[in-house]
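Build out the structure end to end from the sequences listed, making use of the hints.
Protein chains in written order, with our numbering: chain C, 3 to 393; chain D, -2 to 383.
These are computed hints drawn from the structure, not numbers from a lab. You may find that some hints are simply not true.
[As the list claims (entries may be wrong)] Selected chain C positions facing chain D (Cβ under 7 Å, derived; list incomplete):
| # | residue |
| --- | --- |
| 1 | S169 |
| 2 | T236 |
| 3 | E275 |
[Stated by the list, open to error] Calculated pairs, DMTMM-like style, for lysine to aspartate or glutamate (alpha carbon to alpha carbon, straight line, at most 20 Å):
| # | chain 1 | residue 1 | chain 2 | residue 2 |
| --- | --- | --- | --- | --- |
| 4 | C | K286 | D | D376 |
| 5 | D | K208 | C | E277 |
| 6 | D | K132 | D | D294 |
In this text, a Cβ means the ideal position worked out from N, Cα and C, and glycines have one as well.
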Amino acid sequence: MNHVRIGIVGIGNIGSAHARCIASGHIKGLELTAVCDIDPEKLAQADVYAPDAASFSQYEDMLNSGLVEAVLIAVPHFLHPDFAIQAFQRGMHVLTEKPSGVYTLQVEQMNQAAVRAGKTFGIMFNQRTNPLFQKARELVRGGRIGKTKRLVWIITNWYRTQAYYDSGGWRATWSGEGGGVLINQAPHNLDLWQWMFGMPTRLRAVCNAGKYHNIEVEDEAAIYAEYENGATATFLTSTGEFPGTNRLEITGDRGKIVIEDGLLRFWELGISESEFCFSAKDTKSVPPVTYQEYTSENSGPAHSGILQNFTDAILNGTELLSPGYDGLNEISISNAAYLSAWTNQWVDLPIDGESFYVHLQKRIENSIKKADTIQKTVPTGDYKERWSVRW
Amino acid sequence: MNKIKLGIIGIGNMGSGHINNVLEGKCPEIEIAAVADIKPDRLQWAADNIPTAARFDTAEAMMDSGLIDSILIAVPHYDHPKYAMAGFERGLHVMVEKPAGVYTKQVGEMNEAAKKANVIFGMMFNQRTDHIYRKMRELVQGGELGQLRRTNWIVTNWYRPQCYYDSGAWRATWSGEGGGVLLNQCPHNLDLWQWICGMPVKVKAHLHFGKWHDIEVEDDVTAYVEYANGATGTFITSTGDTPGTNRFEITLDKGKLISENGKLLMWKLEQSEPEFSKTNKKPFGSPKAEFIEVETDGKSEQHVGVLNAFAGAILHGTPLIAGGEEGINGLTISNAMHLSAWLNQEIMLPLDEDLYYNELMKRVKTSRRKENVSEIVSDTSGTYNA
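Here it is in structure tokens:
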């Protein structure tokens, strides 16, 4: 096989952007041969930016068409695992948009199906292509900052308007989207957090629903987490603040990293803090430190980078930058955050998926059905600036 | 020139630091007429460095001597209210080093006594003199940036090595100091936080005790608070991080402020976010924001500023930097953080003072005697994070 034929299911905002990117020949070795959507208007738009792709209104028909060996899933969140499983059952490769799903039980099933299928399984964590996050990961995982101590991420520049929330019937409802900021905007950040710093063993969270907007889900969340090695993490996010902040700080026994405004700043200690602490004789002294800065000319290939890497993995066995299995990690954190907020308790990780599912179902039952759209946004087939890493 | 006749109670790090400032001529309206300390070697230091000051081995003897009209209390924390009240009883003006005390019950009593005494009563919150904090208070309290939404203070540049904790038997024990980073380094920050943003109504804090050091009290804190108007806040501090961070961010519905690295940055929205949200129809619209690096007067008089204002209040009736009765505010937050961690629950304010006192005393009872103490008096200039 020298190229991969992919079908995209769900060609709304993000799906149409992927479709246009692939159809314009941007991704070497990847051909868009099919698109699928239940909305005929969206299929009609696709005829314009992806004229060579066959159109389907039923997912099953696209899967059975013989036109694709890979699918890209860009439908509302609840459907991600089921659609992935259907594709795996037919021996296809799967790239799913984030989040991997809404609750861990369904994501675990998807991961199991992926293992059985043995096919390439990716997830669209495009922010992993950002060189600054990659550098931070290298410094942390490579031991340059020593034993991890603290992470603080203030990621409050995800501002969204009421009009945004009104623009899709599925948006910002428990039954439609499965959550608010933690399930839509923050999956990138939650994934990066665990990708760089590891998974915590327990957390407490406060999630405020409809604080800044007329929505039933959370538009603000504060998470405090603890690690087996004693490290702590604080994660603050909101869609109600402007201009907001995007500042990540990671401290370890041998140094500190701060990423803000497109710059990575790295303070490296000449001696580990723990060693210094118990050997210093001067009560005012601090360990010696050197300072370095890293910046990057670009913010990485983002979505197209993930698409290319996914294609290379299928054709050449290239290692996936964003394996689909990893999706379970960030969804575990967000599920745990919801559960902690709802029960006002600590939640241990790995999470009790059954317990979360029961609580989620209660909210879905009481979920308000929104009118399908108040103002439809017309998918333009561009990768929007708001989907990239924004400082 | 008219001078106040100040008596210093406690000539350790802070007491001797204040004396040195006066000796260097920075406080023209203050004469250090007397000093008191229970340690003979500290009285010897006073004899060597400020021979003109009368020396006493008890604070009471000094206060009864007739030589002073005011006192500065710089003894270990538990005794702050006791000596303040002794001063009030004798009609002396009182300046108290931070914290006001260890638990709010004793500080409440001190505040009551102050009211009745009708003397000048100040707290040594020297960081209130800082040009950036003063400006922040003006901008937030003045209302031009709207309603408070979020406060975040990462103040982890309070690094201390183990030898600092070993340098005094009273340090970092429940019975001696009454707490760790919250009681020693952070009273400044907690006071500033409430002075600028107001008091929270709910506190949930995660404390770690002796995490980075061999001590029984807290050296790592992550706290989450809520305010009456629904705003939220986080406060993160430690004496175990280095190089550490000092970044204070305040978000309001019409703007944002960040104090870091000696600069105050401001974003001001053309219209408040709620106003914008009401009329905006564009899904991906956003309010217009202007970015400004705020100009300030650049002054930070610190301890000297507080001392001079104290003298000024006594001699001329001019304002203090921080009224003594305000010390209870920051201490309330700190007590609530301890209580929240001890009981593993969120604490509503006003604080249950008796509950706090009882929980504290439990820990005082089992407080350990420190063994490896090498008593050191240090020149603490440069360690105040001012």
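Against the structure, the hints come out as follows:
A distance limit of 7 Å between C-beta atoms decides the matter here; for S169(C) the minimum to chain D is near 5 Å, and the interface restraint holds. Because the beta carbon of T236(C) sits about 6 Å from the nearest beta carbon in chain D, less than 7 Å, this interface hint is met. This hint holds: E275(C) has a C-beta 5 Å from the nearest C-beta of chain D, less than the 7 Å allowed. Our distance criterion of 20 Å between C-alpha atoms is met by K286(C) and D376(D), whose separation comes to about 9 Å.
Distance hint between K208(D) and E277(C) is fulfilled; the C-alpha atoms sit about 14 Å from each other, no more than 20 Å. Under the criterion of a C-alpha separation no larger than 20 Å, the hint pairing K132(D) with D294(D) is consistent with the structure, at around 9 Å.
Hint compliance for this structure: every hint is met.
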